[in-house]
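> Start from the sequences and build out the full structure, keeping to the hints where you can.
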Amino acid sequence: MPNGVVEERHVDSLEVLLAEEHCPFVAAFFSSSSPLSQTPELALTEQRLATSFPTVRYVRVETEYMTIRSFLQWDISFLPTYVLFWPGKEGGTKGWHRWTGKGANPYDYSEVSSWISEVTGLQPQNTSVATTGPPLLPRGSQKASSAWLVIAWTLVT
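For the sequence shown, my numbering gives the first residue as 129, with consecutive numbering after it.
Hints in this document: simulated from the structure, not taken from any laboratory. Be careful, since some hints might not be right.
[To be verified] Taking CB as the label site, the calculated pair distances span:
no. : residue 1 : residue 2 : range
1   : T285      : Q251      : 26 to 34 Å
2   : C151      : V278      : 36 to 44 Å
3   : E239      : H150      : 26 to 34 Å
All values derive from a computational prediction rather than experimental measurement. Built from N, CA and C at the ideal position, the CB exists for glycine as well.
Right, dumping it as structure tokens:
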């Protein structure tokens, strides 16, 4: 079903994608409580990435409620991060690829798209269509994040 659409899934539902061994996908792991994850700029970057690589599913994964087991299973050592599965059917390097960062900005379209191109061998397509539809909603909510911060601070003190 890759088609340039950003999907949002719970980490447990990613197991379905693992069963589809010929389905390339990028899972974007972000914390919605992070202020940078709540920006319209990140939402646009995600939409542009999904549109640039329509044969690769782009899946948003909320990490706020992930278990330690899930973090270990997906080998996530820092946030934000990306995990890409590429079956190697059209070139590129077959297998699992993790965003290593190396000083690159995970919120920047050009840096993430360069990484996807390097791994898959695909070139980004025109993303002008990404700005014509309804805007993708940013992750999380500043009000909810602030409320949880106050609750947590109250419990700690």
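> If you check the beta carbons of C151 and V278, does the distance land in 36 to 44 Å?
About 42 Å separates the Cβ atoms of C151 and V278, which means 36 to 44 Å holds.
> Holds or violated: the 26 to 34 Å window for the beta-carbon distance between E239 and H150?
Distance hint for E239, H150 holds at roughly 27 Å.
> Between T285 and Q251, is the Cβ distance one that fits in 26 to 34 Å?
53 Å, violated
Hint compliance for this structure: hint 1 is the single one not met.
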